[in-house]
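**Student:** Based on the sequences and whatever the hints tell you, model everything.
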Amino acid sequence: MVACLSNLEPQQWSRDAILFEELDEFSEIIFVLEDMYQMGYSINKKSYFRVKFKNVPIGCYGITFNKKSHYTYKTLKYCEGFFIRKKNWLDILEDEFIS
Numbered sequence: 001m002v003a004c005l006s007n008l009e010p011q012q013w014s015r016d017a018i019l020f021e022e023l024d025e026f027s028e029i030i031f032v033l034e035d036m037y038q039m040g041y042s043i044n045k046k047s048y049f050r051v052k053f054k055n056v057p058i059g060c061y062g063i064t065f066n067k068k069s070h071y072t073y074k075t076l077k078y079c080e081g082f083f084i085r086k087k088n089w090l091d092i093l094e095d096e097f098i099s
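Residues 1 to 99 (our numbering) make up the sequence shown, in order.
Derived pair list, reagent style DSS-like, types lysine-lysine, alpha-carbon separation capped at 25 Å:
1) K54 x K86
2) K52 x K68
3) K54 x K67
4) K68 x K54
5) K74 x K86
6) K68 x K46
7) K46 x K77
8) K46 x K74
9) K67 x K87
10) K67 x K86
11) K74 x K87
12) K46 x K67
13) K77 x K45
14) K74 x K52
Hints were generated in silico from the structure; no laboratory data involved.
**Tutor:** Pasting the structure below:
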């Protein structure tokens, strides 16, 4: 737990900022605080955002199992939060569960 907390880095996003696009590789785990973000998809270069989340991390599964994003993630308004870089996350997992 201490390793996770010590690797958190602050970040801010403007309104309607794209956090991850479809088929992007996850480079970080994002924790959006207090505010909501949307998850959607694209068809014929038109984006549809149907699901809203609050206080749910983005990218944990993708980084842990080396998967790409299946959806587009976008902020609704100005947001603040934290992120953990992919290398740091994998190091934390290795130290906690493998050793």
